[in-house]
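A.B. asks: Residues per chain, in single letters:
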Amino acid sequence: MPCHHFIELKVDDYLTGRLTPDDKRLFDDIIGRCPDCRSFLEEQRAAYDLIHEVSRPETPELYWSGLEKSILARIESSDIKTNNEIAADDAGPHRIWNAVIPLAASFLIFLVSLSMGDKVGKVAGSGPTAANTVEINSAQTSYASLIESPEIIAISYIAASPPGTFGF
Amino acid sequence: MNTEIEDLVRKFVDGDHAAFAELVRRYEKKVYGVAYRMMGNHLDADDVTQEAFIRIYKNRESIKTASFFSCLLMKIATNFAIDLIRKKKNRFVAIDDDTTASQALKAQLIDKSLGPDESMESSELMAHVKKAVDMLPPRQRTAIILHDIEGFSKDEIADIMECPQATVRSNLHIARIKVKKWLTKNKP
Ligand SMILES: [Zn+2]
Numbered sequence: 001m002p003c004h005h006f007i008e009l010k011v012d013d014y015l016t017g018r019l020t021p022d023d024k025r026l027f028d029d030i031i032g033r034c035p036d037c038r039s040f041l042e043e044q045r046a047a048y049d050l051i052h053e054v055s056r057p058e059t060p061e062l063y064w065s066g067l068e069k070s071i072l073a074r075i076e077s078s079d080i081k082t083n084n085e086i087a088a089d090d091a092g093p094h095r096i097w098n099a100v101i102p103l104a105a106s107f108l109i110f111l112v113s114l115s116m117g118d119k120v121g122k123v124a125g126s127g128p129t130a131a132n133t134v135e136i137n138s139a140q141t142s143y144a145s146l147i148e149s150p151e152i153i154a155i156s157y158i159a160a161s162p163p164g165t166f167g168f
Numbered sequence: 001m002n003t004e005i006e007d008l009v010r011k012f013v014d015g016d017h018a019a020f021a022e023l024v025r026r027y028e029k030k031v032y033g034v035a036y037r038m039m040g041n042h043l044d045a046d047d048v049t050q051e052a053f054i055r056i057y058k059n060r061e062s063i064k065t066a067s068f069f070s071c072l073l074m075k076i077a078t079n080f081a082i083d084l085i086r087k088k089k090n091r092f093v094a095i096d097d098d099t100t101a102s103q104a105l106k107a108q109l110i111d112k113s114l115g116p117d118e119s120m121e122s123s124e125l126m127a128h129v130k131k132a133v134d135m136l137p138p139r140q141r142t143a144i145i146l147h148d149i150e151g152f153s154k155d156e157i158a159d160i161m162e163c164p165q166a167t168v169r170s171n172l173h174i175a176r177i178k179v180k181k182w183l184t185k186n187k188p
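The listed protein sequences derive, respectively, from chains X and A. Going by our numbering, the first sequence opens with residue 1, and the numbers climb by one from there. Going by our numbering, the second sequence opens with residue 1, and the numbers climb by one from there.
Some hints here could point you the wrong way.
Claimed, not checked - Straight-line distance between alpha carbons at most 27 angstroms, and here's what the computed DSSO-like set of lysine-lysine pairs gives:
{"no.": "1", "chain 1": "X", "residue 1": "Lys69", "chain 2": "A", "residue 2": "Lys11"}
{"no.": "2", "chain 1": "A", "residue 1": "Lys181", "chain 2": "X", "residue 2": "Lys10"}
{"no.": "3", "chain 1": "A", "residue 1": "Lys88", "chain 2": "A", "residue 2": "Lys30"}
{"no.": "4", "chain 1": "A", "residue 1": "Lys29", "chain 2": "X", "residue 2": "Lys69"}
{"no.": "5", "chain 1": "A", "residue 1": "Lys87", "chain 2": "A", "residue 2": "Lys58"}
{"no.": "6", "chain 1": "A", "residue 1": "Lys64", "chain 2": "A", "residue 2": "Lys131"}
No wet-lab data here; the hints were simulated from the structure.
Construct the complete structure from the given sequences, taking the supplied hints into account.
C.D. replies: Spelled out as structure tokens, the structure:
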């Protein structure tokens, strides 16, 4: 194995002190006699030493208890289910209602849009769900400002992600 | 992985809420730390942290061991963070991502060290290093944060990032060279 292959392979373990004694001896030996390997190590070590010193973000203790509460509340309040539970539910007898109810709701909104004129109908057709559409309309919220909000980006992204996006 | 964590993970998989709450307490700082360094702001780091725990809760039936739990948690967090970064990519000027390992090796031979006259205040330097890390493309940023800052091994990072160890290695080496070059070019 050429010396620089060995150094490239082992440099990260060298920097983090994970080399075996045998590898450490060989590593030091190569570094002592090969200027190219030495210069590679020096550069990697200079960057590692700087990056390694980047400190943890300062976060007040109060934040952590709030975070814990928020996560647990999301799990307890909503109907978060495991993937197996979702699969079991999908096979259940009420499955048909999952299809019928949104269809009925869409039809209802269509009727409302016909009776109220063009404006509501256009938004109802483009919005993600009937409930969101009503909220956006009634609050007169700027859709552009909603899109800029990271929470909305995250929520809409999660909603739009096909299964498997996050490795499942 | 200690037996206490093994025990908590087993209870959590069986649906024990108290065990889950304890796991959140034990791992939230680690997840948030990685998320914050990847996202560069509190709001997104908070979002990534919450989502990681919600998603692992949903997927708890696939968890077999405590080490798998921590790996899966970091995998979910970093994947979610990478997706968020990509969505916001237009807001960043990324350090170019087309450098190959061999180009990087050549680059390191011509690159110069920072030099003694370039010393600066420690906190200012750290802020600058953080900025350089923020400029890295998402996968190089993930590898360097997990390895050089959080101390994960290349094996663990390969699991978390779902790629061969050789890819982790080249991401690390290229990322370090880019950070150093960026610091040399962009003095504060
Ligand atoms: Zn050599």
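A.B. asks: Decide, hint by hint, whether the structure agrees.
C.D. replies: Cross-check of the supplied hints:
no.	hint	result
1	X:Lys69 to A:Lys11	holds, 20 angstroms
2	A:Lys181 to X:Lys10	holds, 22 angstroms
3	A:Lys88 to A:Lys30	holds, 23 angstroms
4	A:Lys29 to X:Lys69	holds, 15 angstroms
5	A:Lys87 to A:Lys58	holds, 24 angstroms
6	A:Lys64 to A:Lys131	violated, 38 angstroms
Checked against the numbered hints given earlier, the structure breaks only hint 6 and satisfies all the rest.
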